[in-house]
Amino acid sequence: MHKFMHIKSLKMLVLALATSLAVSGCGTLGDKSDETKTWSAAKLYAEAKDEMASGSYEKAIQYFEKLESRFPFGTYAQQAQMDTAYAYYKQGDQAQALAAVERFIKLHPNHANLDYMYYLRGLITFNDQLGLLNFLANQDITERDPKASRDSFDAFKQLVTQFPDSKYTPDALSRMKYLVNALAQYDVHVARYYHRRGAYLAAANRAQSAITEYPDAPAIEEAMFILVKSYDSLGMTDLRDDANRVFLKNFPQSAYLTGNAKNRSAWWKFW
1 MHKFMHIKSL
11 KMLVLALATS
21 LAVSGCGTLG
31 DKSDETKTWS
41 AAKLYAEAKD
51 EMASGSYEKA
61 IQYFEKLESR
71 FPFGTYAQQA
81 QMDTAYAYYK
91 QGDQAQALAA
101 VERFIKLHPN
111 HANLDYMYYL
121 RGLITFNDQL
131 GLLNFLANQD
141 ITERDPKASR
151 DSFDAFKQLV
161 TQFPDSKYTP
171 DALSRMKYLV
181 NALAQYDVHV
191 ARYYHRRGAY
201 LAAANRAQSA
211 ITEYPDAPAI
221 EEAMFILVKS
231 YDSLGMTDLR
241 DDANRVFLKN
251 FPQSAYLTGN
261 AKNRSAWWKF
271 W
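Counting along the sequence shown from 1, when you hit position 171 you're at 171 in the UniProt record's numbering, and nothing is skipped either side.
Quick caveat, the hints were computed from the structure, so don't treat them as lab data.
Since no wrong hints were added, every one of them can be taken at face value.
Straight-line C-alpha distance at most 27 Å; calculated DSS-like pairs for lysine-lysine:
| hint | residue 1 | residue 2 |
| --- | --- | --- |
| 1 | K59 | K37 |
| 2 | K49 | K37 |
| 3 | K147 | K177 |
| 4 | K49 | K66 |
| 5 | K90 | K167 |
| 6 | K59 | K49 |
| 7 | K177 | K249 |
| 8 | K157 | K177 |
| 9 | K157 | K147 |
| 10 | K66 | K37 |
| 11 | K90 | K177 |
| 12 | K66 | K106 |
| 13 | K90 | K59 |
| 14 | K106 | K167 |
| 15 | K43 | K90 |
| 16 | K49 | K90 |
| 17 | K66 | K90 |
| 18 | K147 | K106 |
Using the sequences and the hints given, assemble the complete structure.
Okay, structure coming up:
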């Protein structure tokens, strides 16, 4: 009996020692794995920027987040928040990028670089319209859901309204013009779809909507042409003639009159 108790005690001692060594080993490994533990805010930020420059956005984000967690106050933390949003944007993570932008705007409504964050918010949704795969597939971006275009336009508009003298405003205005064209062309695409399927009233309504909402967009030429054809197909001769007079007055040399419009390059490819 005494011998049995001795063996049992020995086993428990060995188990306790093994557990202690394992815990100690894990702690040691953990300390070694976190090379940033003793880094200063300046060191963390510099390393994060280096990772950004090399395209290692995920690693850069990790450094930025550690910086903000360890040094939550001061200019480094604020800069890290802005750079985190940009890193997510470059990584193609739209949801995280937008969340980071919104968080910064909420936390720092009077920041000196707030105009940049509004600009970045517009870029994030703008680039959703210009994905590489769309170009490789030769897909017209205006055939997609226009929500991202509207979101991007609203973001750029807020920048232009609040910061008319910002260095980002000229580019924002150019992109806003592009987005108006995209939204108009989306309506025209839908109108064209309806007309091809014989839904002439729906085609006329959608074409009229594009003409009313985006009177200066290049897509209006086709919108007016669809409107004339739709009224003609519906037998609404008075409306057809009125629309045709406006069409000829504004586009007397229109390629749609000769049937050569399909050969023209898509307007949206200029960007």
